[in-house]
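So the sequences go chain by chain: A and B. All residue numbers for the first sequence refer to this note's numbering, where the first residue is 1 and numbers rise by one. All residue numbers for the second sequence refer to this note's numbering, where the first residue is 1 and numbers rise by one.
Derived from the structure by calculation, the hints contain no laboratory data. There's no promise every hint is true.
Taking lysine-lysine and the DSBU-like style, the derived pairs with C-alpha atoms no more than 30 angstroms apart in a straight line are [claimed, not checked]:
| hint | chain 1 | residue 1 | chain 2 | residue 2 |
| --- | --- | --- | --- | --- |
| 1 | B | Lys153 | A | Lys155 |
| 2 | B | Lys153 | A | Lys149 |
| 3 | A | Lys90 | B | Lys153 |
| 4 | A | Lys161 | B | Lys233 |
| 5 | B | Lys162 | A | Lys150 |
| 6 | B | Lys226 | A | Lys123 |
| 7 | B | Lys162 | A | Lys155 |
| 8 | B | Lys143 | A | Lys161 |
| 9 | A | Lys123 | B | Lys318 |
| 10 | B | Lys397 | A | Lys90 |
| 11 | B | Lys162 | A | Lys25 |
| 12 | A | Lys25 | A | Lys150 |
| 13 | B | Lys143 | A | Lys155 |
| 14 | B | Lys162 | A | Lys161 |
| 15 | B | Lys598 | B | Lys585 |
| 16 | B | Lys313 | A | Lys155 |
| 17 | B | Lys226 | A | Lys25 |
| 18 | A | Lys25 | B | Lys233 |
| 19 | A | Lys161 | B | Lys313 |
| 20 | B | Lys142 | B | Lys397 |
| 21 | A | Lys149 | B | Lys162 |
| 22 | B | Lys598 | A | Lys161 |
| 23 | A | Lys150 | B | Lys153 |
| 24 | A | Lys161 | B | Lys318 |
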Amino acid sequence: MPIWIARDYPRCTGCRKCEIVCSLKHEGRIWPEASRIRIFMYTPGLEVPHLCTQCMDYPCVSVCPFQALSVDESTGAVLVDRDKCTGCGKCIEACPGAVPFIHPRDGYVVICDLCGGDPECVKVCQEVGYNALVLAKLDKPRPDFDVLKKGYARKPIDVAKDLSILIYGEEVI
Amino acid sequence: MIYGYNGRVLEVDLSRGSVKEEKLDESIARMYIGGRGLATKILWDRLGRRWDSIDPLGEENLLLFLAGPLTGYYPGARICVSGKSPQSNGIIGSTVSSEFPVELRCAGYDGIIVSGKAENPVYISIFDDDVEIRNASHIWGKKGRETLASLLKEWVDRYGWKPGRGLLKEPGVLYIGPAGEKMVRTASVMSKWTHAAGYGGYGAVMGSKNLKAIVVKGTNPLPEAKDMVETEKLIREIWRLHLGFNNMRFRGTAAGFLSVAAATSSEPVRNWQEEWHDRIETSTAYYEARLWVKRFWGDFGCAITCLKIACIKSGRFKGYITDNPDYEMQAYLGANLGIFDPESVVYICALADELGLCGIQTGNVLGFAAELYQRGILDENDIGFPLRWGDVEAFAKLMHMIAYREGIGDILAEGTYRAARIISARKGVDVLKYAVQVKGVAVGAHGVRSGLDYTMETAYACSTQGGDHTSVANIPLRSGRVDLRESGALFADSAVLCAFNSFSVEGDIVFRLLNSVTGFGITMDDWYNVYVPRMLSIQRVLLLIGGPDAYWKAVEDDDNPPRFYDPLPSGFKAGAVVDREKFEKLRREYFESLGWDKRGIPREDTLVKLGLSDVADELKRRNLLR
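Okay, chain B solo, but in the shape it has when bound:
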């Protein structure tokens, strides 16, 4: 047995309708931990040699749902969703909170590998050792809330009460909305009503496999920890540290709507044409007074509970419910579309949840379309109606068209990068310069121009996950904390825990917990010197191989969106811009710190040292190592 692990991964082949268990080797667990790290290993081994021919939305792609050794132990449980991304054509580790990962671990598995494609809509049902592929035609086409309600009712009616045994708690559920079914590249994998694994577009991958949902129930304990006494002590210590993270506890990330714009000038406003505003109605005070019906809302073990539930109880948007909305949603579906009114923001965020769309990626493509309308490149004939900044009904309508791939929605459903290529070709104008994305992934709502946010000039340009704001390429790699730079994000996504729950905790405590659970004895030095370069090198190589519908060039595509080289037009940081010389210097330093050459290709000696000589051989075969 391996402490902290079940040592078993479930393999579901939807083409054959077969289910089997695969053993997780201790040596693999020790080298790749779990979640995103383990995903790089599994995807490299199984698809690496023919990576460029694998269509992310085709039958051959793999869809991974992987937990890690700290899932359920570290306060704030998450599951990592990955595979070949239909956005970046590389690997993206996309995580989502809920009790799903805890149920999965208690059912006796460390993860699920889904392969193939079902002939008809199905969902996977896991109840301890009992795994079934079930018909999902009755929920196919249904929106989020109805899908979840229907699956939970079905399960509770069947297993929720057993005479003589008592009640069982409801299972954990991951599902997709209509957007995932239509293989919209900005679709997310959803949990509860509002939780989403958005980056990567894995909702579309689920849809491409005709997989509507996964329902899991486990009645066993979490896998045994090596030293439970020390583990409990550390969990309680982390809870206490969370109490000091007051702003996040009381206002959630919702406080960012005003502060990221007014204090750090790094919020997307009207497709990043500006990054500053001081609209007072974006303050949390308005949400608190008018909309929040639950002040603290969390998932398994979380002491921060940054989520707050917003519900509109009257007026034209009555009945819409979402979380805070959190900062990224407010920024991308609010300010980025010129929408500032709290109720309108809650409405459009709730709509994105219901349709199963990633608010960041979808907000970005909506803003992109609106800028093209503003510039007269797209007109009412193209869209079907005027698309003016701030018109929430118009954006809601376009969001529906994206989710169901109707009209121009069919093009925008390809995500900002691909939509820009299609529109450029059709209109004969280069619109890629208005696409604020890196390697197919729309950048998160933390701009780099003002220099006041946590994101550096290289943050998105050099990240192996493109525009992902939860895994940014900041240097130095070593920060001593599990934060959002790639070196920390990799830990959060591999041990699989919520990074928001580790900001206020010294890295030392996090590593002690990892070791008390697993007994691996991994030090922070090991992490920064070996684990980070190992996992990132595999991600980087597969990202550069890419294909079959998008390829990235080293250096040339390791750059900021063109917009970031336009000076900020407004606010107290007006005139601020990314300095190309400084950026290029940072980029070289970043690559160097990982043992990569000046083009960002892992050096042969680096790969061999990391135990990745097979990756080096593949690079040679492909003539990438020169």
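One chain only, chain A, in its complex shape:
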């Protein structure tokens, strides 16, 4: 069943517990710059959770010259084959939100894998009651949802600008 992570940006507190649990799960360490979800804060109070939203046309997957990226059939997540990935960065350029990035130590591209269906970031955000991240489910792939999902595939700076008006009533960036 396809899932994805919806975001309620104004609710993000900037506590970055999502970065902690994500990097613990995927790297075995606390490692903010290797976390699949990263909180960008170009302006205090305007914290933006930034992670893959699984666009249904998957521009990153189709652009990869080495077939290193594939789609997880059960969740819809983008999976990275580390042996095939050369770190060329084509997928980063193809992503409308500049979400993928090169792993700071190992050189391959890093993309959210939805933890195989039970994302740690969502669990921790829900447990503490902030609910900035919510797990959305679809009973089957729905192309008409793509517009909605792609709304999250934006650069953090653009999200922050909108957020600024919502929170502070004016652009303070």
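Starting from the structure of chain A, add chain B where the hints point.
Frame of chain A, contents of chain B only:
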């Protein structure tokens, strides 16, 4: 390698413009942990023998930014700023939250030691191993928000996006506002917009070194923990415990504005002339409904998020933004100045942030000036305008004058204690009795007269950090929790974590985390019997050596401000006062519990037992051990 540490400290000499790395020895890390504890060791070793001749605002002083082994691991990361304090002339460990310490640890360092003085304004830029001292003349003179925005933009334009590599998150930044640049002794080291390391006056020390900011980015993981499985388990356990700390989560410390006055009668009102009020507009309900635009706001790993963002969207103070404001700001820039209206309080707190002033120390000196005006000791000719209780515009104007050292602001910029000495000499009247401070440090907004707050009679009088309400001299030393008494504060400031995140957690869990990260095997007994006396003894000795512009006498200066011996005039605790006999008995007990003599001077056998025979030798040389 040392588990939980990078094992490296960065040394930046601004006089020479040079940068080098120093190794952190395992034995030192084990004995002094980090943060405030490590600061006592570094400052003792490097400056201890000529401490009295070191001008805190001179080139010789050191400015330390030290993290600890739990920074980033324990929920709620902090960095400890210290050096020789221009307020107490001893050591104060002043901590501030933000992602700065995490970035620093991920860049591969446990701390930064800044020495010397740059010829022109500079800032330090750290990007993993790449460390540079950069020109800061374009941001010198700028206020907080503009400084941060300018530094972040510069960094993001340069490193934030790399074709083929993707986006990098923004760096962590510490900076000073105009007050720090002017070496105002109540200036703080700032982070984000509203986070401040206020106690100690280290903003002025940064200014004295011509250092406007430090920008740091790290792309590595936190230093490896000894037992990561156990560490993760404990972190999650602490998060769950935080959920029970509901009042702090939902109302932050802002709830104190009303409750500390109406329920515990220990809030400064009009320069501590009263400690009680029941003004309903100070209730959080008014802030929530009118001003809070973010209900939960936190820093790295924090599950309590006691910060709330307040923003004024219309009216004469439109555009001012600050946090809650938290209790200390509300008390000192609100009630202490006779200001109770929520929007006025947010405005003046936001102004303090923008100017880079510590709200506690500055609120105290503003209240002190207003009391002198009330008593006719200072008049309109001295100040330039009437300074009446509750007049927010007048206090805002005076705050500007302090930050820029204009007119009488130049005197008040010296902090309450020094300003009182200057005004006493000029006016020929003793005004020190109106100065509510201990050893140069204005006391925090938790009075001791009512006996209902967490502060005991000895809280400020005997603290090695003077009036610091986050490190109070309460006994017994052993509380079983990392709380605000000196024995707990030392842990929070040395492992470097946010003490607000440890109130609701049994000490046992905190120590298990320390040991699972470092593998040191330190027990709570070790902590109270060895670590606390060791660190406090060094702090105490350097505080008593003091100088060159202020000296403290043992016992005589280990006392409460005179005001605390006046009975409370109002409220349900009217008449309450500090009982001198009881206080003196507690003071003796406090000194004794640390192995100090009846004057509070560490005994020779105590020092030798703690591995501090060099400190004992110095005391003998200075003829202090008698």
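So, going through the hints one by one against the coordinates:
1. Between the alpha carbons of Lys153 (chain B) and Lys155 (chain A) the distance comes to roughly 15 angstroms, so the proposed pair stays at or under 30 angstroms and holds.
2. As the CA atoms of Lys153 (chain B) and Lys149 (chain A) are separated by approximately 29 angstroms, the hinted pair is consistent with the 30 angstroms bound.
3. Among the hinted pairs, Lys90 (chain A) with Lys153 (chain B) is consistent with the structure: their alpha-carbon atoms are about 26 angstroms apart, no more than 30 angstroms.
4. Of the pairs offered as hints, the one joining Lys161 (chain A) and Lys233 (chain B) is violated, with about 37 angstroms between alpha carbons and a cut-off of 30 angstroms exceeded.
5. Restraint check for Lys162 (chain B) and Lys150 (chain A): the C-alpha separation of about 23 angstroms stays at or below 30 angstroms, so the hint holds.
6. Between Lys226 (chain B) and Lys123 (chain A) the CA atoms are separated by roughly 26 angstroms; this keeps the pair inside 30 angstroms, and the hint holds.
7. About 14 angstroms separates the Cα atoms of Lys162 (chain B) and Lys155 (chain A), which keeps this hinted pair within 30 angstroms; it holds.
8. Under the criterion of a C-alpha separation no larger than 30 angstroms, the hint pairing Lys143 (chain B) with Lys161 (chain A) is consistent with the structure, at around 22 angstroms.
9. Distance hint between Lys123 (chain A) and Lys318 (chain B) is unfulfilled; the C-alpha atoms sit about 38 angstroms from each other, more than 30 angstroms.
10. The hinted pair formed by Lys397 (chain B) and Lys90 (chain A) fails the criterion: a straight-line CA distance of about 56 angstroms is larger than 30 angstroms.
11. Distance restraint check for Lys162 (chain B) and Lys25 (chain A): the Cα-Cα separation of roughly 26 angstroms lies within the 30 angstroms cut-off, and the hinted pair is therefore satisfied.
12. This hinted pair checks out: Lys25 (chain A) and Lys150 (chain A) have alpha carbons roughly 26 angstroms apart, not beyond 30 angstroms.
13. For the proposed pair Lys143 (chain B) and Lys155 (chain A), the alpha carbon gap of about 28 angstroms is at most 30 angstroms, so the pair holds.
14. Annotation: proposed proximity of Lys162 (chain B) to Lys161 (chain A) holds, straight-line Cα distance about 21 angstroms (limit 30 angstroms).
15. Annotation: proposed proximity of Lys598 (chain B) to Lys585 (chain B) holds, straight-line Cα distance about 10 angstroms (limit 30 angstroms).
16. Among the hinted pairs, Lys313 (chain B) with Lys155 (chain A) is consistent with the structure: their alpha-carbon atoms are about 27 angstroms apart, no more than 30 angstroms.
17. Between Lys226 (chain B) and Lys25 (chain A) the alpha-carbon distance is near 17 angstroms, which keeps this suggested pair within the 30 angstroms criterion.
18. Distance hint between Lys25 (chain A) and Lys233 (chain B) is fulfilled; the C-alpha atoms sit about 13 angstroms from each other, no more than 30 angstroms.
19. Between Lys161 (chain A) and Lys313 (chain B), the direct Cα distance comes to roughly 17 angstroms. Compliance with the 30 angstroms bound is thereby established for this hinted pair.
20. For the hint linking Lys142 (chain B) to Lys397 (chain B), the alpha-carbon distance of about 18 angstroms falls within 30 angstroms, and the restraint holds.
21. A C-alpha spacing of about 26 angstroms is found between Lys149 (chain A) and Lys162 (chain B), which places the hinted pair at or below 30 angstroms, so the restraint holds.
22. Taking the CA atoms of Lys598 (chain B) and Lys161 (chain A), the gap is near 61 angstroms; set against the 30 angstroms cutoff, the hint is violated.
23. As the CA atoms of Lys150 (chain A) and Lys153 (chain B) are separated by approximately 27 angstroms, the hinted pair is consistent with the 30 angstroms bound.
24. Of the supplied pair hints, the one linking Lys161 (chain A) and Lys318 (chain B) holds, its CA atoms being roughly 19 angstroms apart against a limit of 30 angstroms.
Checked against the numbered hints given earlier, the structure breaks hints 4, 9, 10, 22 and satisfies all the rest.
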